[in-house]
Amino acid sequence: MANVLDIRRRIRSVVNTRQITKAMKTVSAAKLRRAQEGALAARPYSQMLTTVLKSLVSRADIYDPVTGLPRHPLLAERPEKNILLIVVTGDKGLAGAFNTNILKMVSKFIESKPDQNIDVECIGRKGRDFMRRRYPLAPERPAAAADGEAGVAPVHSDTEVAPPRAGRVQIAGEYIGVLGKVDHNFANTLSQNVIGRYTRGEIDGVYILFNEFKSVIAQRLVAERLLPIKEIGEVDIQMAEEASLEERKQRIEAAKSAGVGLRPADTSVLDEAAAHFATLPVDYIYEQKPEQLFEGILPKYIGIEIFHALLESVAAEHAARMTAMDAATINASDMIDSLTLIMNRARQAKITKEIIEIVSGAAAQ
Amino acid sequence: MANTFQLEIVTPSRLLVKDAAEEAQIPGLSGYLGILPGHAPLITELAVGVITYKASGATHTLSVAWGFMEVLPDKVTILAETAERPQEIDVERAQKAKERAEQRLKSSDPQTDYTRAEDALQRAETRLNVAKEK
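In order, the protein sequence lines correspond to chains A and B. So the first sequence is numbered by this note's numbering: it starts at 1 and just counts up by one. So the second sequence is numbered by this note's numbering: it starts at 366 and just counts up by one.
The set of hints was computed from the structure by calculation and includes no laboratory data. Please read all numbers here as calculations on a predicted model, not as lab measurements. Wrong hints could be hidden among the right ones.
Stated by the list, open to error - Cβ pair distances, simulated, as ranges:
1) A:LYS289 to B:LYS440: 19 to 25 angstroms
2) A:GLY38 to B:ARG481: 41 to 47 angstroms
3) A:GLY167 to B:SER472: 31 to 37 angstroms
4) A:GLY93 to B:LEU470: 16 to 22 angstroms
5) A:ARG71 to B:SER472: 21 to 27 angstroms
6) B:GLU483 to A:GLU111: 28 to 34 angstroms
7) A:ALA41 to B:GLU498: 56 to 62 angstroms
8) A:ARG134 to B:GLY399: 43 to 49 angstroms
Using N, Cα and C, we set each Cβ at its ideal position, and we do this for glycine too.
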């Protein structure tokens, strides 16, 4: 039988661990709430932008009247030879299977495109570490126009020639520490960079792989195609993976105990307003030609898509951490219970033994 | 005719302004636009510049860099990629950005992207001007 003192010491250590996991859970719940609010605040802008673009599609001559093919390079499809994959993971661990699941899907995605060259852009430390262990870095480009601003992707000039590839799959860029406070400027610069490479023909398709987050329950991993744009306002999902039933149950439990709302916030009023933006049946004066407006707005649309992916991924990460910490707290409680039982049993056994010793000592006299 | 119109400025991260304005000056791509209540419906892209509007007697100033605007007789909605109130502007950062852009414009390196540098310079100068309004 184990020593009572040893067991008591172990219980104390598990109690301490439980306190930490509990605190982490509360912190994650608070961060999740903030992330959800952030995503909600970002909604009107993207909705309005999408509405305007949609309406401009019908006004501007986006499609060639003869062939029916789109004129704008960002809309035109061409054979995929080189693709760019943006992987969004977290910077930190202790979030259950959050990062692992994303990276599993990355491997699957890369396998599903065996004939294409793939450039990977990693957002988040965990994804970067994983990719670096497997794939080489892309060769350095000479003298990128460094803007000096932290966390901003360099934009390369149009005249450069890309150096030879380091491998079929290579890491083209990595961004770490941008997820703490998701900044639209970052998403925008990244999108400019991506659009530049796309229009120069260095890449023929752009995908972003991230954990979609509509609410605590409605989450899935998706690989969304950003470029070429198939249809404005429609997400072009190439690959998706739903969470298992058990995972979802755990999430609901965790959210309930942390007091986080399960349902997405009601946005119908906002959406209604956004749906009419710049599309009322009145005779607008166009200061610029619709084509020009369209060309001005389209790149922003990509920026917004990336921005959204980042916001959702951050919310999902906090939700995952909250769930993981909730499970850890429950496990710690279970462990304390069973350890307490063992300890009591050991103590009782000791007492019984002592009594037997006294009794048999008395009987012997 | 009402003598105010609803002014909304929306940025990617939030709804920045929701106010009843009496008049507004907006930097359109092809020049500044003065807007009073009852303006004809209009759609335009915005340039880098300063938005000024009057609401309940007070004048407000904002710096803006790229945006899109819809004008209706009783409502003006601006989608701005970045819009900042004077007190939100990081003067030091803007000053540095300005110096950087000036340096790049002066350099004789053929790799320099002049349009980008000029844009950056303009953005920085606008920010600094607006920041003075504090």
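Results for each hint:
no.: 1; hint: A:LYS289 to B:LYS440: 19 to 25 angstroms; in the structure: holds, 24 angstroms
no.: 2; hint: A:GLY38 to B:ARG481: 41 to 47 angstroms; in the structure: violated, 29 angstroms
no.: 3; hint: A:GLY167 to B:SER472: 31 to 37 angstroms; in the structure: holds, 35 angstroms
no.: 4; hint: A:GLY93 to B:LEU470: 16 to 22 angstroms; in the structure: violated, 45 angstroms
no.: 5; hint: A:ARG71 to B:SER472: 21 to 27 angstroms; in the structure: violated, 36 angstroms
no.: 6; hint: B:GLU483 to A:GLU111: 28 to 34 angstroms; in the structure: violated, 46 angstroms
no.: 7; hint: A:ALA41 to B:GLU498: 56 to 62 angstroms; in the structure: violated, 25 angstroms
no.: 8; hint: A:ARG134 to B:GLY399: 43 to 49 angstroms; in the structure: violated, 59 angstroms
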